[in-house]
Amino acid sequence: MSATTTSTLTTTTLVGTPSAMTNVATPDKPCPTCGGVGDSHELPDARRQIQELEGQIQDLAAQAQVNAEKLADYEEEIHRLRSSQQMCGTPRNSSSQPPSSHADKSLSPTQTPTPVSPDSQSQHSYSGRLQTLTNLLPYRRGSATPTSAPAPSTPTASITPLPQHASPASSDNTSELQDALTREQGLRKAAETQLTQANTELEELTVQLFSQANEMVAQERKARAKLEERVAVLERRDIEKRSRLERLEKAMARVERVRALVFLLKSNIWSPAVKAASDLQLKAIYSRSLTSAQTLANGSSEVDLYSEDSGAGKSYADLLARADISAVIIALPILVQPDFIKKALLAGKHVLSEKPIAKDIATAKELLQWYRANIDTSKIFWAVGENFRYMNKYIFAAEQMKKMGKVRNFRVDIQNMVKSNNRYYCTHLPPAGGPSSSMSMTSWRKVPEYQGGFLLDGGVHMIAGLRLILGSAEQITTVSAQSQLQQSHLPPVDTVDAVVQTGSGATGVISLSWGSPFSRHSFEFACERGSVALNFDDVIVDGVTHTVEFDGKGVTPEVTAFASAIANGRPVETRQSPEEALADLEVLEQMLQSGEKQVWVTHSASAKFSRLLSFRLDNPQRPARRNTDKMVAAKKHIPIVKKRTNRFNRHQSDRFKCVAPSWRKPKGIDNAVRRRFKGQPAMPSIGYGSNKKTRHMMPSGHKAFLVHNPKDVELLLMHNRTYAAEIAHAVSSRKRVDIIEKAKALGVKVTNPKGRVTTEA
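Using UniProt numbering, the first residue of the sequence shown is number 1, and each one after it goes up by one.
Careful, some of the hints might be misleading.
[As the list claims (entries may be wrong)] Derived BS3-like pairs: lysine-lysine, alpha-carbon spacing no greater than 27 Å straight-line:
id, residue 1, residue 2
1, K643, K703
2, K693, K636
3, K314, K283
4, K597, K744
Keep in mind the hints are simulated off the structure, nothing from the lab.
Taking the hints into account, I'd like the entire structure generated from these sequences.
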């Protein structure tokens, strides 16, 4: 116990030295836990606490040293008392008892020592323990005090232990000393416990301080990282702001350039739109004749006039060479418009051309490919005007259609009459001798050299409105049409009726006529969650009528959008893109071709159209219907292979009249067919099946479709190459005749045309 206590005190002295504590608390040295270096405003408080703990440690060490000195004094007193007791007890023993042979033998080194009593042994052992504790104390090791009192060397008397019955005074003194020693040991243990606790608290405080310092360093690093990130964001915003300012300056320059605009007009519908556009300024007008250009200028002296008959320096090439003109709006006849578009684009001018994009798909695709190959489309813009896409009633109907879900079917019915004195059919020209105007026939409309005549020029508007309402998800893929000429002054045709189908399977009817005595303008759509109808300026949504005020013909927002695209340096809107104009032309051209020809036609357009061309019955300028006795052939298919032509007959149907011959699988466990006995008929199994693509095909390549009346035959109009009509057995002979006649008119194959007619005839 004493050795352990002494070593603990020694360790405490080494740990508690001021230099060691100073080294631990120094902020410049790394943390013993994490290796980091920390410094904060809490370090002075920590240093003050460390100094207080060091002072407490020094006080405890001083108290321990005082206690050790007291313990040494107590031990010296004990030795002194024992020596006095031994010296007093020797004469008493020698006088009361004679010297024995044992005493004489103890004086001789060769003799056996005298036996010692138990009490004397305990006293000697207790004295030895005190001596050992005193020697181990570091404060008493250099003392000159003797460890034991020398016994008196009397040659005639031997040293004997204390008697078993000591005096009461000496026993009380010894017990007091023992109690004092016990108290000192308890105090020493308490001091050691406090010292250990102080060291532990000091270490914990040191670890806590370094941990807080590391956390503060980490927080400082995070704050610095956030600050750097914020600085980077601000720098990036500054760069973006500078770039926006540069773009704005360029846009302002473009706005100044786009204010110079030239018009090539054959009508005056564009003038209000140009005046309404704040980004545009009319600079010049070009026309075929100076007279028409003056009419369009309306007496304005600020506009320069160019024409073919104005002389040198007033040609179209001279106009395009002007640097103050950056854009042109071209509204010329359909046939000559592509050449003017190319020249303007090559001169670096932005172009807004009139619909349609060209006279046919081939010309339109060639013009669009040339534009992409020879012109930088990111700098020079080409837009095709379609004012129906900017009219509020079509836009509102399209928004309502988006809420109705998938389209199931639709109908477009446009009926108009273009008379011979219509302003779009004739041109008003002022005579040379007076202000009154005269009316002359527009040759390119009277004798058009392009397909469709007024159907192409006016019908493309209706197709654009239909495609806008249907949305981009519903593209027309199949067309079957009939066309005719009702008014002789509108060649080649003025009416077309078509049955169409979209990619999602929705079917529709499109009826366009500019030679009809009726006046109708309606778009009707049936959807999953409701219906939408457009009747002139009224939009009817699920029976609720919304009247859209007439906002003009849509030319003003169309021109404004074109000017905005140029001013902002961004491509034109999708509604004005040449691709949309090409898609409108594709649908209309396929309708016209389907009405003109009598066979399926596949056009190599961007969207592949496959059209069934119905027969013409009412157009005297076209051949009458062809011979329909020869039914339409089925579409191409893989060869039909029947792996088994014989029927599977039911077991024992040949023996019992009550067993029908139609196949039924045998279920009995002892059935001879099921157990495959030799000589029994075969059962259907894997390997007899037909190809899935030709499983239900007849030898002609058609699939049977059961019909009960003539209206059912109309369902096969778009699918007469896939399905053939099969008249139900319960249909009467008179209705069969009507069904067969309807099927011949529509080119639908009938599998049993003479089934009942022959028997009842």
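Comparing the hints with the structure gives:
no.	hint	result
1	K643 to K703	19 Å, holds
2	K693 to K636	12 Å, holds
3	K314 to K283	14 Å, holds
4	K597 to K744	18 Å, holds
In this structure, none of the earlier numbered hints is contradicted; all agree with it.
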